[in-house]
Amino acid sequence: METVRVVCGHDCPDMCSLLATVEDGRITRITGDPANSFTAGFVCGKVARDGELVHSPERLKTPLRRVGAKGEGKFAPIAWDEALDEITARWKAIIAESGAEALLGYAYSAHQGLMNRGMPLGLFRALGATRLIAGTVCDTCCEEAWNYTCGPVPGADPESVDDSDLIIAWGADLAATNVHFWVRCEAARKRGVRVIVIDPRRSRTARGADWHLPVRIGTDAALALGIMHILARDGLVDRAYVAAHTLGFDRLEAEVLPRFAPDRVAEITGLAVADVERLAAMYGAAKRSFIRLGEGMTRLARGGEALRAVALLPGVTGAYGRKGGGALLLTGAVYELNQAALRNPTGTADDATRTVNHLRLGDALLNLKDPPIRALFIAANNPAVTNPDAGAVREGLMRADLFTVVHDPFLTATARYADIVLPAATYLETEDLYRAYGAYYLQYAPAAVPPQGEAWSNMRLAQALGRRMGLDLPIHNASPNEALAVLLDGAQGATAGIDPAKLRASGPLRLAATEGQEFRTPSGKLEFYSEQLAAHGLAAMPDWRPDPHEETDAAHWPLRLLTAPGYFQAHTAYAGVAFLRRREGAPCAILHPDDAAARDLKDGDKIRLHNERGAVGLVLRVSDEIRPGVVLVPGQRSDGETVSGTINQLVSDRYTDIGEGATYQSTFLDIEAWASS
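With my numbering applied, the sequence shown covers 214 to 890.
Quick caveat, the hints were computed from the structure, so don't treat them as lab data.
Ideal placement from N, C-alpha and C gives every residue a C-beta, glycine not left out.
Check the hints yourself; a few may be wrong.
[Stated by the list, open to error] Simulated restraints, written as ranges between beta carbons of each label pair:
(1) 883 <-> 796: 48 to 54 Å
(2) 723 <-> 311: 25 to 31 Å
(3) 280 <-> 811: 44 to 50 Å
(4) 423 <-> 723: 28 to 34 Å
(5) 725 <-> 702: 16 to 22 Å
(6) 698 <-> 241: 31 to 37 Å
[What the hints assert, rightly or not] Pairs of lysine to aspartate or glutamate residues, derived as DMTMM-like cross-links and limited to a Cα-Cα distance of at most 20 Å, are as follows:
(7) 582 <-> 378
(8) 738 <-> 463
(9) 536 <-> 378
(10) 500 <-> 314
(11) 500 <-> 378
(12) 403 <-> 423
(13) 536 <-> 399
(14) 274 <-> 295
(15) 287 <-> 632
(16) 287 <-> 852
(17) 715 <-> 731
(18) 274 <-> 632
(19) 283 <-> 299
(20) 283 <-> 632
(21) 403 <-> 375
(22) 305 <-> 685
(23) 582 <-> 608
(24) 536 <-> 376
(25) 500 <-> 731
(26) 819 <-> 885
(27) 738 <-> 728
(28) 819 <-> 852
(29) 305 <-> 632
(30) 403 <-> 378
(31) 500 <-> 728
(32) 819 <-> 837
When you get a sec, could you build the whole thing from the sequences and use the hints?
Dropping the structure here:
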């Protein structure tokens, strides 16, 4: 028996330090590593079962070639050399006939290691393939909005919440997505610090807080601007901080805030006037208020304005200038590593090849011309389930002339459409470098166990394909240890001067966070008014107004979709653990009792959710945790678990206002009994 110090590679801001107990080549236990002061020696209920993920009987054992129809899931085993020969022969023929832009390949977030995510991206960049702009399905809207407001800088240190005098989880279900921060919030409550949750859903986090404000979906900007209105009205603005560290508050105060008096804000948000007043008074009285920003509020048509409005609040009270105060969205900007050496080893200019927005993958597969996408490679992603307009993705994957390769530990919904499926190693079977994007830790991790069956890591596969495609790149012959040295070579800022050997031996490395929020906008200040946004024809100051597309859809469909991570099935990367699937329960839609009664539906019924894009089947749960007029679908669940389809088949591929991100929460639909469909 041995204990191996590893790092959680799931897509989670905490990026836990772990200790894996290994006996006879099997992971028998996973616990937290106490060496990381933020993740504090404990793990969530999902990751605690990741030994079962590694050793799941559902894992792919060998490479597979399709022998049935696309989507049918019929495959026959083949050898690795045979698979690689077929892949590279097809790619070379396609490049010769149509050019390299007929290829599209990427790895996404199911493996957060910088080598295993970066190396496949670098392979396709070096080949000159069409480039996927990844992340638009998740965080480009919130990240771009933050950058226009604060600049490309990390947010507040989550460990500084120990010094906060007020904590607000705004659009963040911390118990599901940021559990180690939530534990610190619970500790703060015991010290008498108030914890407020602003969320359309009465989540577990909301139930454990001091106060829950069930704001209407898409009205966060109005609430934030209403708070600013009251702060200005009541003399609670830190005028000295505003004058020294911000730009444009005078214009916002004169041109926007007068329209957000408490009574109008209450009408927009669905909150009581007294609650709007009370929230503003509490925020204005706090000196070290900490806002944990959730990404969900930005996954709708005007999500960028929402993020900007909320992220500006600590500038009004001066909280950005005090330890324990400010706001945290992401910390990724603190890691100034040499990732380009892996992701773009040939130094190809960004505009040298065409691009495809991740959330419009379906549209690209169906409609892109000159040349069309003829070959697709997907690793660490399941777009047939997770992408908006998933029906279009599936239709595109059905194309007879599309050669698709999927590299995954399991036969996912996407893999069922592939021509070749390759078995992938999980994070516990790979060596890599990890950086937390919700904390200030950089960590190296070895493999806890060797790859199971014939599984290969993303890194090994990308290197092998690069060599077979004739790319003469040193990185394609680099060991993980050599790739680590490359990532650290020339690193800047807080990651400058880190010795690879010491990092491998040290365990989690705590990076220094700045005292007080820095800003890297063009003005060097927190920007209430953004000249950059104005130059792009976008709103220079945050505002709130109804979105015309949403108004049109709402006139046709009576229910608005709210999606949220499940507590045991946040996304399909956890679907390989049968225990977690059982704990989460049947894939469901949650409806308010009034809406269920109006449709003569009861808890446990099979239901049909539908709009103009199609229909999916789920099981109904009736609960007052959401408002009337809302349908909540937790987790991203796949065919075989659901009654039929996946919820993202009902979501359009329309863009957000900033960052061209996904608009899941701008989806409108109706529900009826499944039997009537």
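How the hints compare with the structure:
no., hint, result
1, 883 <-> 796: 48 to 54 Å, "violated (30 Å)"
2, 723 <-> 311: 25 to 31 Å, "violated (49 Å)"
3, 280 <-> 811: 44 to 50 Å, "holds (48 Å)"
4, 423 <-> 723: 28 to 34 Å, "holds (30 Å)"
5, 725 <-> 702: 16 to 22 Å, "holds (20 Å)"
6, 698 <-> 241: 31 to 37 Å, "holds (33 Å)"
7, 582 <-> 378, "violated (56 Å)"
8, 738 <-> 463, "holds (14 Å)"
9, 536 <-> 378, "holds (10 Å)"
10, 500 <-> 314, "violated (54 Å)"
11, 500 <-> 378, "holds (7 Å)"
12, 403 <-> 423, "holds (11 Å)"
13, 536 <-> 399, "holds (19 Å)"
14, 274 <-> 295, "holds (15 Å)"
15, 287 <-> 632, "holds (10 Å)"
16, 287 <-> 852, "holds (16 Å)"
17, 715 <-> 731, "violated (29 Å)"
18, 274 <-> 632, "holds (17 Å)"
19, 283 <-> 299, "holds (18 Å)"
20, 283 <-> 632, "holds (8 Å)"
21, 403 <-> 375, "holds (11 Å)"
22, 305 <-> 685, "holds (16 Å)"
23, 582 <-> 608, "holds (16 Å)"
24, 536 <-> 376, "holds (7 Å)"
25, 500 <-> 731, "holds (18 Å)"
26, 819 <-> 885, "holds (9 Å)"
27, 738 <-> 728, "holds (16 Å)"
28, 819 <-> 852, "holds (15 Å)"
29, 305 <-> 632, "holds (16 Å)"
30, 403 <-> 378, "holds (12 Å)"
31, 500 <-> 728, "holds (15 Å)"
32, 819 <-> 837, "holds (19 Å)"
Against the hints set out earlier in the document, violations occur for numbers 1, 2, 7, 10, 17.
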